[in-house]
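Peer 1: The opening position of the sequence shown corresponds to residue 1 in this note's numbering, with each subsequent residue numbered one higher.
There could be a bad hint or two in this list.
[Said to hold, decoys possible] Using 20 Å as the maximum straight-line C-alpha spacing, the simulated EDC-like pairs for lysine to aspartate or glutamate come out as follows:
| no. | residue 1 | residue 2 |
| --- | --- | --- |
| 1 | Lys159 | Asp142 |
| 2 | Lys115 | Glu202 |
| 3 | Lys115 | Asp171 |
| 4 | Lys159 | Asp93 |
| 5 | Lys159 | Glu202 |
Don't read these hints as lab results, they were simulated from the structure. Fair warning: this is a prediction, and the values are worked out from it, not measured in the lab.
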Amino acid sequence: MLFPTQSRRVKVSPRGLLLALTVGLIPQLAQANCRQALALGLDVSGSVDLHEYRLQLDGLVTALNSPDVVRTILAMPSAPIDILIFEWSGPTDQAILVPWTTLSDLNSISAISEKLARTERRSATPGTALGVAMTVGAQFLDERAHCWKRTLDISGDGKSNLGPRPRHLKDAIGARGITVNALVIGTDAPASDDRRQTEIGELSAYFQAEVITGPGAFVQTSLGFEDYADAMTRKLRRELEDFVMGRLQ
């Protein structure tokens with residue numbers, strides 16, 4: 001798979017950036033009013049049943065409407081966040097649920113929430129092509145090259161078993177200026193609590209080694225789909241607040 005190259009970037013200090021914007025030395029940044037592009041990839045492989053699918057979408061709605069998340073999303077009105085939501089499973093099975101949308105006000109967040117609430121599960125192949133999902137997510141983010149930061153947010157409840165291995169792709173994706181974070185979902189009904197902790201620990205270590213890349217990349221865990229809303233809320237707060245605070249400072 002060939003990836004488009006990205007133009008060379010120049011590091012500018014916050015003070016230098018402010019000065020340059022003031023005097024118009026870098027008008028391309030002044031015109032780029034997107035502070036962060038966030039592509040959310042949801043796992044709909046065969047291991048995710050209809051109940052878990054609904055918990056995942058409803059959990060995302062809950063997270064997007066959390067007061068802290070809403071406050072962070074709308075913290076910089078002159079430089080909003082762009083979001084895209086897609087689902088993935090087998091190598092040829094990815095679908096966009098919400099195309100690129102600018103989160104500029106409460107109405108835009110509500111529109112996405114209503115769309116997700118109405119979304120019904122489609123037929124999907126049973127495989128887990130995590131490497132392909134990362135590739136597709138990165139291609140979506142290439143459409144938002146003007147945004148100050150680009151983040152791919154992958155949710156998954158298992159290891160990749162089809163397509164290219166994620167570890168063979170992540171460095172190239174990171175080199176394009178894209179950060180990949182992960183939300184790892186554990187088993188809802190394990191035989192014992194000890195097994196549950198062991199399984200989520202092993203899966204988290206896999207995503208840590210194979211998937212995440214970029215400055216500040218991290219793995220968020222959810223003990224099961226029942227905990228998905230809280231885990232996604234914590235993850236969005238961390239992804240979005242860290243960047244906002246860095247810019248404001």
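Peer 1: Find the hints from earlier in the document that the structure breaks and name them by number, from lowest to highest.
Peer 2: Per hint list: 1, 2, 3 violated.
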